[in-house]
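4 protein chains.
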Amino acid sequence: MVAERRTVGRVAPGGDTRGMSEATDRPPIAEHVITFRVRYPETDPVGVVHHSRFLQYFEMGRIELLRSLGHSYADLERQGVFFVVTRAEVRYRAPARFDDVLTLTTRLVRATHVRYDHSYELRRDGTLLAEGQTTIACVDRAGQLIAIPESLGMTAP
Amino acid sequence: MVAERRTVGRVAPGGDTRGMSEATDRPPIAEHVITFRVRYPETDPVGVVHHSRFLQYFEMGRIELLRSLGHSYADLERQGVFFVVTRAEVRYRAPARFDDVLTLTTRLVRATHVRYDHSYELRRDGTLLAEGQTTIACVDRAGQLIAIPESLGMTAP
Amino acid sequence: MVAERRTVGRVAPGGDTRGMSEATDRPPIAEHVITFRVRYPETDPVGVVHHSRFLQYFEMGRIELLRSLGHSYADLERQGVFFVVTRAEVRYRAPARFDDVLTLTTRLVRATHVRYDHSYELRRDGTLLAEGQTTIACVDRAGQLIAIPESLGMTAP
Amino acid sequence: MVAERRTVGRVAPGGDTRGMSEATDRPPIAEHVITFRVRYPETDPVGVVHHSRFLQYFEMGRIELLRSLGHSYADLERQGVFFVVTRAEVRYRAPARFDDVLTLTTRLVRATHVRYDHSYELRRDGTLLAEGQTTIACVDRAGQLIAIPESLGMTAP
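First to last, the protein sequences are chains A, B, C and D. Our numbering numbers the first residue of the first sequence as 1 and each following residue consecutively. Our numbering numbers the first residue of the second sequence as 1 and each following residue consecutively. Our numbering numbers the first residue of the third sequence as 1 and each following residue consecutively. Our numbering numbers the first residue of the fourth sequence as 1 and each following residue consecutively.
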């Protein structure tokens, strides 16, 4: 499923990426591209992917971005480290349909000690279908905010 | 969501629960009816409820049958008692569509010390849309088979 | 599923709909409250409702708000009138869990000739679990923007 | 996603594949193997793939089996040819978990002029997680039974 790892690097200090357009104007801390095919039950009576599914695609993008950096989210959860989504925003540009092959670019655009901001671009061939942004926070099993493990190598300086 | 509780306890002989196998030829141990409306993302590009959703409806039926008998499945899980589906069968008779109001009859048709068999009939008005049968087994948090708690009051004699 | 219809029509000034943007600083054009129970497969391995589900709850809220005003979204689609989500934003405040009874307040906060903005507040008892905002646009079967039917009675003057 | 095409051929006349074990005792008409990774929202609060998801995996198996034979189910639907599930059965042997890489073997075990029977085996490494069987029927846009197009090359003699 994972197609390509484009960029991995540390962002310059002082980055604060507010806003959907601003966020994508900065060099990402890490970037990853996955390609996948739309499944039948992901589409709705109008024949297009239900808008709620895009958040599931974005989550796949985050998980595979993490894997591309050598980390398994499944392992993190087994170690008691969880990421919960605290904010999500999606702008829908064009519909995706059953059996479409989609390309999702996931970018880590901001990292603090406890939160990551990601941005997303979902395309079919060259066409932009959706853009999104999420903030995820690192919590323990009880849901309490904890520091992102240093082993992930992607925290604020 | 729960509309009506029809029968609880052993029904008189002659119950008309004809179904897919001998299990449903007997009077049910317990029976419950729920009514609910089909949600938009439960339907697929053909405009009908995706066939996988029926197993989710059946699960709702089991949970509400249990609640009608005074038990909360959420509480059971908190106590370390889980039910896992070991077998499921569905026969699809007619399509269900978005916004349809459906009526699901759930019957507990067989109880052993560790397993329950349920049967299901899903209808829209008088029309039978689907019939199903499942077997669920009682397990602990580790997935090991355990005896169904006597407190549920529905185990083999 | 629909529990209560609180307000229909233009509410008096001073309505307390503080939210995520200026859109919700105005009195809502219409408002509706639904109550529903979290289903088992809506929750994820951490035991909380998956963040993508909230967009499905919001859609239920919109559909029931419309119904409370005397309109059926299923009928609209049969007539060739569709609403597509063009933007969605969610802020997650606290987790929802299996079997929780949730209350969703849906407010129509802005109407133009072709678009509706809604805002949402999801609560369990008094606790705010999530807030959201969406923009939906009116399109025909081919996905082309069309005027919202006047029969809906909720368009810009 | 598609891993391997194992066998394609026509079944001997007189094949009637009743029963889950019998069905898999015969040489399949066609067989295909796909490999995929379990997604996060496919798992439930117990941390295992929800039992309803297996029917979605089986559908993916059918669609990819068809593709391996040179046919696109998306194209078929655009031409007005639909397949609806009329019966499904699953036996669950062991749980699948988030991030597991699963292998699904899909076999076309019986073909009539209007129906296909498929059988399925879902495995993680060598371990059998589930077996299933479905019957699908060929219908037109109105849901009326029609003959399976000869172009598919897999109908009864």
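Read the hints as simulated data drawn from the structure, not as lab findings. Fair warning: there could be bad hints in the mix.
Example chain D residues on the side facing chain C (calculated, C-beta under 10 Å, incomplete) [as the list claims (entries may be wrong)]:
| no. | residue |
| --- | --- |
| 1 | VAL48 |
| 2 | HIS50 |
| 3 | PHE82 |
| 4 | ALA94 |
| 5 | ARG97 |
Since this is a predicted model, take the numbers as computed values, not measurements. C-beta: ideal position from N, C-alpha, C; glycine also.
So, going through the hints one by one against the coordinates:
Annotation: interface hint on D:VAL48 holds; nearest CB of chain C at approximately 8 Å, less than 10 Å. Among the interface hints, the one on D:HIS50 holds; its C-beta lies about 5 Å from the nearest C-beta in chain C, closer than the 10 Å criterion. Because the beta carbon of D:PHE82 sits about 19 Å from the nearest beta carbon in chain C, more than 10 Å, this interface hint is broken. With a cut of 10 Å, the hint placing D:ALA94 at the interface with chain C is violated, because the nearest CB-to-CB distance is about 17 Å.
A hinted interface residue such as D:ARG97 counts as satisfied when its beta carbon comes closer than 10 Å to some beta carbon of chain C; here the least separation is about 8 Å, so the hint holds.
Violated hints, listed in ascending order, are 3, 4; each of the other numbered hints is respected by the structure.
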